[in-house]
Amino acid sequence: MNTMKKLSKFKLLIGSAFLIIAGTIVGCGEDFLNAPPQGSLDEVTLANESGVEATLIGTYRVLGGWSTGIGGGWGAASSNWTFGSVASDDAYKGSENTDQPDIEDIEYYTWGLSGAEAYLNDKWRSVWEGVVRSNSTIRLLNSVQESDAPIGDAVANSIRGEALFLRAHFHFEAWKMWGNIPYFTEEDTETRKSNVGVDAVSLILADLNQAISLLPNTPRNGQVGRVTAWTAKAYKGRVEAYSGDLASALTTLRDVRQNGPYALEEDFHRVWTGFEDFQNGPETILVYQASVNDGNPGGDNANWGERLNFPHGGPLGTCCGFHQPSQNLANAFIVDGDGLPLAVSSPGTWNNNDDYIGSDSSLPLDPRIDWTIGRHGVPYLDWGPHAASWVRDPNFGGEYNSKKNVHEIASGSQSNVGWVPSQLNGVNFHLYRYADMLLLLAEAEVEHGSLENARAIVNEIRARAAVGVQGPGDDASTISVPIDDPSITWADYQVGQYPGPWTNQATARQAVRWERRVELGMEGHRFFDLRRWGTYQDVLNAYIQVERTRLAKLGNAAPLEGRHQWYAIPEIQIELSRVDGEETLVQNPGW
Amino acid sequence: MKDKKLRIHHIIDALRPGFYTIVKAFLSMILVVFIQSTAFGQQIDVSGTVTGEDGNSIPGVSILVQGTSTGTTTNIDGEYSLTAPSDGTLIFSYIGYIRQEVAINGRNTIDIVLQESIALLDELIVTGYSTQRRADITGAVASIDIESASRVTSASVLQRLDGRVSGVTVDAGGSPGSRSTVRIRGISSFGNNEPLYIVDGTPVQDSFMNFLSPNDIESIQVLKDASSASIYGSRANNGVIIIETKKGTEGAPQVEVNIRTGMATPVNSYDSFLFTDALEYHQILKAVHENAGLAVPTNTYGNPNSPAIPNYIWPNDGRNPTNSLAPFGLTEDDYVWGQASQQQNQIMPGSAGTNWWDAVFGTGYTQDYNVAVSGGGANNRYNVSFNYFDQEGTAAYNRFQRGTIRVNTDFSLGNLTIGENIALTLEESYGGLGGDYLGEGNIMGKNILQQPIVPIYDIGGNFASGKAPGLGNMSNPLKIAYNNRDDKGKYTRVFGNTFVRYNVMEKVVVQSRLGFNLSFGNGTNFNARFPEDSEPSFSESISEFQNNSREWTWSNTATYMDTFGERHNVNVLVGQEAIESQYRGINGSLGQLVTTDINARYIQDAIGNPDTKNVSSGGSIGSLLSFFGKVDYNYDQRYNLSATVRRDGSSRLGPNNRWGTFPALSAGWRISNESFMQDNDFFSNIMIRAGYGVTGNQSIPGGRAFDLFGGGTGDTFYAIGGGNGIVTGYRQDALGNPDLKWEENTSVNAGLDLEFFEGRFNFVLDVYERTTDNLLFAPGLPATAGRANAPIVNIGKMQNTGFDFTIGYRGNISRDLNLSISFNGSHYKNEILRIDGEQDSFQGPISSRFGNAVINEVGKPIGSFRGLKTDGIFANQAEVDAHVTQAGAKPGRFRFVDVNGDGEITLEDRTIIGDPHPDFIGGLDLELQYKNWDFNANIFGTFGNDIFDVQKEFYVFRNFNTNVRTDLLTKSAIVENGQVTNIGSAIYPRLDISDTFSNEQSSFFVEDGSYVRLRSLQVGYSFPPDVVPGMRNLRLFVQAENLFTITGYSGLDPALPALGASSGGIDVRDQARGMDRGSYPSNKTLTFGVSAVFN
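Here the protein sequences line up with chains A and B, keeping their order.
The working numbering applies: residue 1 is where the first sequence begins, and numbers increase by one.
The working numbering applies: residue 592 is where the second sequence begins, and numbers increase by one.
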């Protein structure tokens, strides 16, 4: 009896326990199922001034093209070394035949193949990431301005102006590549937009005009990386020039030249350098502010897109020997007895030289060759004389190495971390510098008929080229020396002034364009310049005809045709653009 | 009442720091395990004969006095005798026969007729939250033959399932302890397709399952269709595999010892089809240049017409072979290793022929020890086991070790049963390719394709590599293995559950089960400097991670079983379940180490450059709450009906759509029990079954209902002020979708079970259609949407249709010869029906050097291969001219098909060129028993699956100047005077280094991956009982695995793992199947084993 009672009591207990369990679980069910995201920020945290500012910083970051942090591949390098340089007469792919063969599709103008597609897709993704971040900044700014705690007008206007400028820049990069692009603003919610009939240039200019009206004249907070109204004006002139509206460019760029804050660096060495003291000088309009040893474990903020473009071997301990200058580019620096480009004074013969231009060459040279090209026997900044063993495979890349993106040992701007840290440095890659702008203005002056103005600009640039040349030293003051320094044993440097006056427009045009080539060589502009001038087919087909005798692999190159006006839009992006089975992006003609 | 409530809270509290509770419980149960009670009456002698139904006596039958260790076995004539208590019970058991318990009742002679247990219909099968008679199952449920599965050497039980049950595929590499990709009836989602495993009632999703010692497994059931699996609701989309570990049975302690030791070699090797002789390789080098009209490089071999192995490959001036160090101003005494400024001084000799495969792969040894003690008294049962498993990989410096302790007990206190099943596992491993994240940069990939002229070691005894121009940019694969040898991943796992079961009334049982799954992991990684590489690095770094995860599952069920009017059998289950999981991990790194001493590999400021120190942590939480019920009804053992419903709420889904309901219904008709079949003695069982059900999937990262923002120093931070000081930046990480809901899988299954010839033959066939709708996935957005993870949406739709069957025979050919054969086969067809409603295709997650070869396209199977179609080789210029425009077309190069007919070969001509899914998979199990000998074989075959051989980028197209296939010399197109002279036999394009066109991803990369493999072959001998006193059972065996493979695949091993791949935090490996990126080959194993049972 007692047991029975116990048992039933026990039953009751168990039963109640189950009831309670069920009750507890059901009762707190919805709470139980609340599992907030871990380790993330939400919109509310961001919706204030510091959130908007940080989102803007994230937008600036994309100026660097790509890194492991941002994603993409070498094709996303903001220097455009593949699309602007390897695709032109400035440079070969370099390295070995079997390393990054994708680039050969670009070099051989077979832009419809899968290798080119991979690189084009990198670039495509990179520029649109920039546009997306610009628009996020503007949207977030708008929501904060509508809230109870808006940002003060001066700051808010500048933020908006900076974001609009960056949006214009990224769209311009896309337009430069593909011509037919969609345009995305902060009001777009749809991520698929057509690229048919879009007047991208007008939209870019509209954004730039608005940015000019909103931006301050000096960098906000004194932070040199920020764009100003002058940056936007100079950029506007660039867009006008690239779109063929040289008359407008003339007006815009004259204003910048006369009233703006820019000037040429005294010494060419200060343009491309790892020395922090030299960076962000008067010539800088827009750079990617590369940074090393800043706490990132991979060196992601360094000049990442350029990291293949170092000598292969030698004391730098680097690889991989990509983006090697062409013999054609080396010849471009040959000058005549007056120190003027042979290409201008003797257009039929300048490229007859098939011989390697090493330190033993007796040819008179524009000294900028040794800020642009690594040549055997010539000091390679302060790394000692460039040697044959620094070249990866002369059969496929020739004997020259690129140089502008390389840092000086003495600058200390080398990374401590990352894959081959010596290939990661703090050299700020110029996206737009004052010499570039001046030469665009000179083009506009030529077309306007004011040839003497053009000559003045060209001579100003040539005068600067004569100030400092590659020297034998190992510190900031001796890496660059005067042109007549007796320590120079590796070259006969000459850079002369064009005597006046210029009277022939065609000659002036040729002189300005050649100046642009030698001043901006290997900076990723050349292909886009040739296309702008409408000479890309003539110049590059002629280049290939000659250059294939120097580098046999170029025999693979396809002839340049009208379709090379624009790069092929990556096929994958066309596939992804489909809405209801219809492609919203339309491929460029011929691809 | 208040007190009781408190107690509940105690329990809940105990769950959170549950580990301590569990340890306490664990210890106390070990103590209790050995307590047992037995009773003895008066001892008498008992003897008799055991025969089968056919009248023949059965030797070797085990006879045990219940509750004691007293026992014997029958002799060759089936006779036995022993001493036993007069009121005791004898247990007769023999494999293949139904166990019998017979009360002695004072008798001295007891003759027994044992029934063969061919008819398994009465076998109890553990299915969802309950057990069922096999005869009553109306869904598609298959059992694994554990004996057969035990004949595979692997750390994980998952790798033993391959080919052993119809409808289940398993893909795994040969690396010890590596991940398994188990798929049941095809692929249901773009994302997670992992089956749900229920181990002793506790759910777990784990692709490795290394914590579970295969020796501990009693049974495995596979719930293949929704009507059987939907009781597990939201996680059952991909099928459910129910694993029960061994429990004790009443009787004296029985000690079972299993020891196995074996050795393994790879099933195939690269040296069987790649060059191992440097001068032979030079012929390729010569041909690719000469045919391109280019000078042959002379910097290594010298004059191409009289090539020679140089004394040194490095230093090298890039122009001439280095036979003397003098031109570099060096002698061997100047040798220096590892400094950027003295690269020339790392001196490496030329090798006449390095066999890189041999350098890395060889023989690996395996040991497996298992000791188990089991038994029980009237009120308790226990099974305690200890396992130590140690498997070396066939690759150098690759090893997996595991130790497991398992304690399974239960205690009966009247109507109350309490118990626990718990395992504590320690795992340690290094080297190998366990996670299947295969690429170029490990011991396989391209590194093992170093040229044969590259030596393994330099003159200083340090690792060498191909530093000179033309020798590629690979790293030394042996060095990679060597450097990984201290990179141990260590895991501690506690997995198990405790339960209380109470028979409230005779027909009502309530049960509460608390399961837990705790894991603690840590590991270190050392990144060496590689000064010897063509692309050198000069700095060392270390990284380290610590993580822990814990999950508890609390399930409460009540069952009611009754029979009305003798013919109505009803079984009702209701239940509720709550699951909470947490994960947290931290990792860090430090670069520019000042010492590489193993004991100094800690992240501390003084040990490296403190500026390079980096630490981050992350985590996730999730919960699931469920209610479910099930009713099984059968009428007169003829008509079965089963209905289930489950309702689940998940924290991962949008607040608006958190709850989902998953119903299922199935029915069966046992025709053989109908009166009109009573006279039929051909069929012993005929059952037709049909089921319909809905299951779910919620396997997505937590928090994806919301927009997420973040940033990183290398991603959004920027030096806005110039210099090297970066400023914080943000970006959007992920787009949220507050409407996220369940992925739903609707499945229809029809089945037929047959047994005939007195049950000697059996046949099971199931046909099914599974349609997944509202697929949870984030299809790629165009780049114009930015880089933030796309929102996960419920739009996609996918279908699998197929059938699976098993046909078997069991019987004795003669008195001494028993035979059992079982063949299972399965087929599925996967088809994508919808992606996001807008796109009709999206690319796979993995790109190789030459592009992305995977496309997921509406109307096609997931993970199809895409590329150009090759149409042979251009024989001459006339063929080139007659062809549409094709970049780089020349005689001797591949001709591609103008699929879209636009007159030009472009990327738009890419089309589907292969399907990684098999058309048919079959497994054959064969068992023979002759007297004391037994012989077993298992053969596995897969047919119609394609492989995309990514390695052809290297060993055919020589990307990065790798080693290549030797048959390139004989089977490449030969062009003479503009005409291909071997057009009929050439399978490769002309050797031509400037041919950057033939290597477009094309059908050339795709091969038939079908193969048939002798998975295992085992011969065993069982000693007669008591040959060794006290040893009831002693068996020795020799076993071979993967002895031979029949395949047309030209690569290393057609048995490939699905490549590790994730996209936006979602496991998408099913979009990377059948890709050969240098997978770790399967093992050919020879094992010797002994198993013994002691009384």
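In case anyone wonders, no lab produced these hints; they're calculated from the structure.
Don't take each hint at face value.
Taking lysine to aspartate or glutamate and the EDC-like style, the derived pairs with C-alpha atoms no more than 20 Å apart in a straight line are [to be verified]:
#	chain 1	residue 1	chain 2	residue 2
1	B	Lys1522	B	Asp636
2	B	Lys1332	A	Glu571
3	B	Lys1079	B	Asp1153
4	B	Lys1451	B	Glu1422
5	B	Lys1388	B	Glu1429
6	B	Lys1522	B	Glu738
7	B	Lys1451	A	Asp580
8	B	Lys1451	B	Asp1431
9	B	Lys1388	B	Asp1427
10	B	Lys1522	B	Asp1431
11	B	Lys1332	A	Asp580
12	B	Lys1522	B	Glu1499
13	B	Lys877	B	Asp1586
14	B	Lys1460	A	Glu30
15	B	Lys1460	B	Glu1499
16	B	Lys1451	B	Glu1470
17	A	Lys193	B	Glu738
18	A	Lys193	B	Asp1078
19	B	Lys1098	B	Glu1135
20	B	Lys1388	B	Asp1330
21	B	Lys1388	B	Glu1349
22	B	Lys1388	A	Glu571
23	A	Lys193	B	Asp1427
24	B	Lys1451	B	Glu1429
Here's how the hints hold up against the structure:
1. B:Lys1522 <-> B:Asp636: violated (29 Å)
2. B:Lys1332 <-> A:Glu571: Since the Cα atoms of B:Lys1332 and A:Glu571 sit roughly 32 Å apart, the hinted pair is violated (cutoff 20 Å).
3. B:Lys1079 <-> B:Asp1153: With a Cα-Cα distance of about 55 Å, the restraint between B:Lys1079 and B:Asp1153 is violated, given a limit of 20 Å.
4. B:Lys1451 <-> B:Glu1422: Holds. B:Lys1451 to B:Glu1422 sits at ~5 Å (cutoff 20 Å).
5. B:Lys1388 <-> B:Glu1429: holds (13 Å)
6. B:Lys1522 <-> B:Glu738: Within the cut-off at roughly 18 Å; holds.
7. B:Lys1451 <-> A:Asp580: OK: B:Lys1451 and A:Asp580 at ~18 Å, within 20 Å.
8. B:Lys1451 <-> B:Asp1431: holds (10 Å)
9. B:Lys1388 <-> B:Asp1427: holds (9 Å)
10. B:Lys1522 <-> B:Asp1431: Between B:Lys1522 and B:Asp1431 the Cα gap is close to 62 Å, so the pair fails against 20 Å, i.e. violated.
11. B:Lys1332 <-> A:Asp580: At roughly 24 Å apart (the allowed maximum being 20 Å), A:Asp580 and B:Lys1332 break the hint.
12. B:Lys1522 <-> B:Glu1499: violated (66 Å)
13. B:Lys877 <-> B:Asp1586: Since the Cα atoms of B:Lys877 and B:Asp1586 sit roughly 15 Å apart, the hinted pair holds (cutoff 20 Å).
14. B:Lys1460 <-> A:Glu30: violated (55 Å)
15. B:Lys1460 <-> B:Glu1499: holds (11 Å)
16. B:Lys1451 <-> B:Glu1470: violated (33 Å)
17. A:Lys193 <-> B:Glu738: Violated: A:Lys193 and B:Glu738 sit about 61 Å apart, past 20 Å.
18. A:Lys193 <-> B:Asp1078: Distance ~49 Å between A:Lys193 and B:Asp1078 Cα, so the pair is violated.
19. B:Lys1098 <-> B:Glu1135: Violated, at roughly 55 Å.
20. B:Lys1388 <-> B:Asp1330: holds (17 Å)
21. B:Lys1388 <-> B:Glu1349: Answer violated: B:Lys1388 to B:Glu1349 is near 45 Å, above 20 Å.
22. B:Lys1388 <-> A:Glu571: violated (25 Å)
23. A:Lys193 <-> B:Asp1427: holds (17 Å)
24. B:Lys1451 <-> B:Glu1429: holds (16 Å)
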